[in-house]
Amino acid sequence: MLLLKLDERLLADSIENMQGSIEFHREATFIILELPSGESVQHTLEKYRILLKQPVVAVINGQTADFTQVLVDGDQVRLLPQIAGGRY
Amino acid sequence: MKKVTYNVEYSEAFQKRSIAYTGKILHVDLSKGSIWHEEPEPAFYRSLIGGRGFILHYLLSKMPAGADPLGPDNVLVFAAGLLTGTVLPGTGRHAVGAKSPLTGVLASSEAGGFFGHEMKKAGFDAVVIYGQASSPSYLWINNGLVELRSAEHLWGKVTGDVQEQIQADHEDEKIRVAQIGPGGENQVLYAAIMHDINRAAGRSGLGAVMGSKKLKAVAVRGTRSVGLANKAALKDTLKWITSTYKDSMGWAMSGGTPGSFGANHDSGALAIRNYTASSLPGYENLAHEKLFEKMVVDRDTCSHCPVRCKIVVEHQSPKIERKYGGPEYETLGALGSLTAVTDAAAVSKANELCAAYGLDTISTGATVAFTMECVERGIINDGSFLPEFGQGTDLIEAVRLIARREGLGDLMASGSARMARKLGQGSEEFLAVARKQELPLHDPRLKNITGMGYALSPTGADHMHNLFDNFANFEGSDVCGRLNEMGIETPLPMFGITREKVKAYYYDTAFKHVLDSAVICHFYPYLYRNLLEAFQAAAGWEDMTIEEINQIGQRITTMARMFILREGSTHDDDLLSKRALLPLPDGPIQGRTIEKSEMEKGMQFYFKLKGWDADGVPTQSSLEELAVVDYA
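Heads up: the sequence lines are chains P and E, in that order.
Using this note's numbering, you'd call the opening residue of the first sequence number 1 and step up by one each time.
Using this note's numbering, you'd call the opening residue of the second sequence number 1001 and step up by one each time.
It should be emphasised that the hints constitute simulated quantities derived from the structure, not laboratory data.
It should be emphasised that the depicted structure is a prediction, and the values quoted were computed from it without experimental measurement.
Don't take each hint at face value.
Taking lysine-lysine and the PhoX-like style, the derived pairs with C-alpha atoms no more than 25 angstroms apart in a straight line are [what the hints assert, rightly or not]:
#1 LYS1003(E) / LYS1214(E)
#2 LYS1016(E) / LYS1174(E)
#3 LYS1610(E) / LYS5(P)
#4 LYS1235(E) / LYS1157(E)
#5 LYS1024(E) / LYS1003(E)
#6 LYS1608(E) / LYS53(P)
#7 LYS5(P) / LYS1246(E)
#8 LYS1174(E) / LYS53(P)
#9 LYS1003(E) / LYS53(P)
#10 LYS1503(E) / LYS1610(E)
#11 LYS1290(E) / LYS1239(E)
#12 LYS1246(E) / LYS1235(E)
#13 LYS1214(E) / LYS1032(E)
#14 LYS1503(E) / LYS1608(E)
#15 LYS1016(E) / LYS1290(E)
#16 LYS1024(E) / LYS1323(E)
#17 LYS1024(E) / LYS1062(E)
#18 LYS1157(E) / LYS53(P)
For each label pair, taking beta carbons as the anchor points, the in silico distance ranges come out as [claimed, not checked]:
#19 PRO1281(E) / GLN76(P): 13 to 23 angstroms
#20 GLY1390(E) / GLN76(P): 28 to 38 angstroms
#21 PRO1040(E) / ASN17(P): 14 to 24 angstroms
#22 VAL70(P) / ASP1613(E): 21 to 31 angstroms
#23 GLU16(P) / MET1253(E): 48 to 58 angstroms
#24 LEU3(P) / ASP1613(E): 18 to 28 angstroms
#25 GLU1321(E) / GLU8(P): 50 to 60 angstroms
#26 MET1253(E) / VAL70(P): 51 to 61 angstroms
#27 GLU8(P) / GLU1009(E): 56 to 66 angstroms
#28 PRO36(P) / GLN1590(E): 47 to 57 angstroms
#29 THR68(P) / LYS1608(E): 37 to 47 angstroms
For the chain E half of the interface with chain P, some residues (derived, Cβ under 10 angstroms), not all of them [as the list claims (entries may be wrong)]:
#30 SER1248
#31 THR1257
#32 SER1477
#33 ILE1488
#34 SER1621
C-beta: ideal position from N, C-alpha, C; glycine also.
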């Protein structure tokens, strides 16, 4: 399993509509999701229908990472919003 | 000086609001005190669109090669674009250009606010300024009536006072003013031209050019609205924007550009302590949550924009006046993160002073940070003012000294690259510049293709007409949408300079040159198809295609390259200074850099895509294809 942390304000829809039956909890404005590992950041977001309003940078275990990086057990993933442009 | 007056009738099409162009370009020779106008052919407008396209046309055709940027031969252009002032959101922008005294090549910077829209309402698509006045002057444009007036009573004043004085002199608070502060008068090489006192055409020293011409201000007032050739043609794009902007621009509506400060710190996008650190203790003080809690009192916006992304701050001690707006992301990074000053009041005060004195906040902050490192290492050790990292009072004092060119400020007013050349002692190692211009706050160690873009940029390091790796890496971004329209599959890799990313840069920097010619805000996620619809609606170019839009962008990027080569730049200048690539020992971008060979390989592929030779010189056939041979 891995932990995915993102600001709830990034979400294009409510978290309940997006991720189905996956465990999550809130810390202030952040959503913390516990998700299975084994797929890339991109595929994990798609699989659990986590649609973001704007582009982000992925930071995995404190290091910036590509969205294609495959996630492994114990990974802690943060998605950090970036300015300029947006989702079309 | 003697008052000079000239009157221009509106064109019939503009009177009837049947096109978004006024059809007239104003010319002013300050040396001769003469004013005239031209009415370009439709083909001129369609091939260059406005803004940066117009700027390059006049620099290549009217400025003698090798002109002194601070001499009478430099040409200063204020240019609106096709879309400036139309009903489309994000069009409250215009461009300003000249030969840069900082980089020695192109200065072309865009500003938001209301000036560009007002200039069109007053009857002109652009104002082109030649020569040097014999005494301080300002240009007053009022509904087609143009006057060159004395500015003796304005010289030496800060921007807030000048705007109030001009509006009072003409008894009209709706007058929009482009002007220089003391920074421009004293020809600080990175002085800005301020609009509405808090919107800067900030980069590359345009304020110094205006100061060298003894032109204190350009004041405009117009009452004609900007029309469209076919309003109905804009229906889909307007509907799309009005129904989606609250989501797509939600980040701008909530935190504004400061909203990304914290995230950029945590992701390594924010350069810290002159590029030497991976984290900034106390950075939370500069994050938007704290700013909003402590000093944000209002929001501000540009013409025809519902987003209101700008923050307005007010503070008692130090006293910060709300009329000067508030710090944007780049400013928080340059004046705060680079200098390691985390006192939000000190950073906001420095921002206010930059607006009042007319200084580019990015180059100011980066030059102060460079100076702080020179002090820390004992390279600068003489004099009463020795600024230190983290000291807010030093930051504020540095801004004052730079604007007045007093003491150490005189040296700092020449920018970090010239400082290093003068100081020697290895200080070049601490520079983060491209073509002598200080880098914006998007770290090339994280964003590698952005780094290549800094090195290639005709304006020196610049984030505006650049591709951001993280946007090409994020499926669903506007960048990916546009790349898909050009047949490029996305997402692209976050790191490295791959051929696909260079190809993406080839398209995206050209697209952004079109945005800066149109002139339209980069924050709205416009795709080619939206821009096409907007162009068709504004000018009536029913047969235009997205391929033609790309071709226009390729034309303008090639003209920019032609100009910088003509002014002495070579492929040897297409580089980033060492500090900007220094691998860090820890943090989110630990060990990341761009290898020189990888950068060169990327550039060579870009040159090939552009039809340029291995030195980045456009070939004859590429000039012919883009119909720019006459500029060679």
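For each hint, the structure was consulted:
{"no.": "1", "hint": "LYS1003(E) / LYS1214(E)", "in the structure": "15 angstroms, holds"}
{"no.": "2", "hint": "LYS1016(E) / LYS1174(E)", "in the structure": "23 angstroms, holds"}
{"no.": "3", "hint": "LYS1610(E) / LYS5(P)", "in the structure": "42 angstroms, violated"}
{"no.": "4", "hint": "LYS1235(E) / LYS1157(E)", "in the structure": "46 angstroms, violated"}
{"no.": "5", "hint": "LYS1024(E) / LYS1003(E)", "in the structure": "22 angstroms, holds"}
{"no.": "6", "hint": "LYS1608(E) / LYS53(P)", "in the structure": "36 angstroms, violated"}
{"no.": "7", "hint": "LYS5(P) / LYS1246(E)", "in the structure": "23 angstroms, holds"}
{"no.": "8", "hint": "LYS1174(E) / LYS53(P)", "in the structure": "37 angstroms, violated"}
{"no.": "9", "hint": "LYS1003(E) / LYS53(P)", "in the structure": "54 angstroms, violated"}
{"no.": "10", "hint": "LYS1503(E) / LYS1610(E)", "in the structure": "10 angstroms, holds"}
{"no.": "11", "hint": "LYS1290(E) / LYS1239(E)", "in the structure": "35 angstroms, violated"}
{"no.": "12", "hint": "LYS1246(E) / LYS1235(E)", "in the structure": "18 angstroms, holds"}
{"no.": "13", "hint": "LYS1214(E) / LYS1032(E)", "in the structure": "13 angstroms, holds"}
{"no.": "14", "hint": "LYS1503(E) / LYS1608(E)", "in the structure": "10 angstroms, holds"}
{"no.": "15", "hint": "LYS1016(E) / LYS1290(E)", "in the structure": "50 angstroms, violated"}
{"no.": "16", "hint": "LYS1024(E) / LYS1323(E)", "in the structure": "33 angstroms, violated"}
{"no.": "17", "hint": "LYS1024(E) / LYS1062(E)", "in the structure": "17 angstroms, holds"}
{"no.": "18", "hint": "LYS1157(E) / LYS53(P)", "in the structure": "44 angstroms, violated"}
{"no.": "19", "hint": "PRO1281(E) / GLN76(P): 13 to 23 angstroms", "in the structure": "22 angstroms, holds"}
{"no.": "20", "hint": "GLY1390(E) / GLN76(P): 28 to 38 angstroms", "in the structure": "30 angstroms, holds"}
{"no.": "21", "hint": "PRO1040(E) / ASN17(P): 14 to 24 angstroms", "in the structure": "54 angstroms, violated"}
{"no.": "22", "hint": "VAL70(P) / ASP1613(E): 21 to 31 angstroms", "in the structure": "42 angstroms, violated"}
{"no.": "23", "hint": "GLU16(P) / MET1253(E): 48 to 58 angstroms", "in the structure": "24 angstroms, violated"}
{"no.": "24", "hint": "LEU3(P) / ASP1613(E): 18 to 28 angstroms", "in the structure": "52 angstroms, violated"}
{"no.": "25", "hint": "GLU1321(E) / GLU8(P): 50 to 60 angstroms", "in the structure": "36 angstroms, violated"}
{"no.": "26", "hint": "MET1253(E) / VAL70(P): 51 to 61 angstroms", "in the structure": "35 angstroms, violated"}
{"no.": "27", "hint": "GLU8(P) / GLU1009(E): 56 to 66 angstroms", "in the structure": "57 angstroms, holds"}
{"no.": "28", "hint": "PRO36(P) / GLN1590(E): 47 to 57 angstroms", "in the structure": "28 angstroms, violated"}
{"no.": "29", "hint": "THR68(P) / LYS1608(E): 37 to 47 angstroms", "in the structure": "27 angstroms, violated"}
{"no.": "30", "hint": "SER1248", "in the structure": "4 angstroms, holds"}
{"no.": "31", "hint": "THR1257", "in the structure": "5 angstroms, holds"}
{"no.": "32", "hint": "SER1477", "in the structure": "5 angstroms, holds"}
{"no.": "33", "hint": "ILE1488", "in the structure": "15 angstroms, violated"}
{"no.": "34", "hint": "SER1621", "in the structure": "34 angstroms, violated"}
The structure does not agree with the numbered hints 3, 4, 6, 8, 9, 11, 15, 16, 18, 21, 22, 23, 24, 25, 26, 28, 29, 33, 34 stated previously, though it agrees with the rest.
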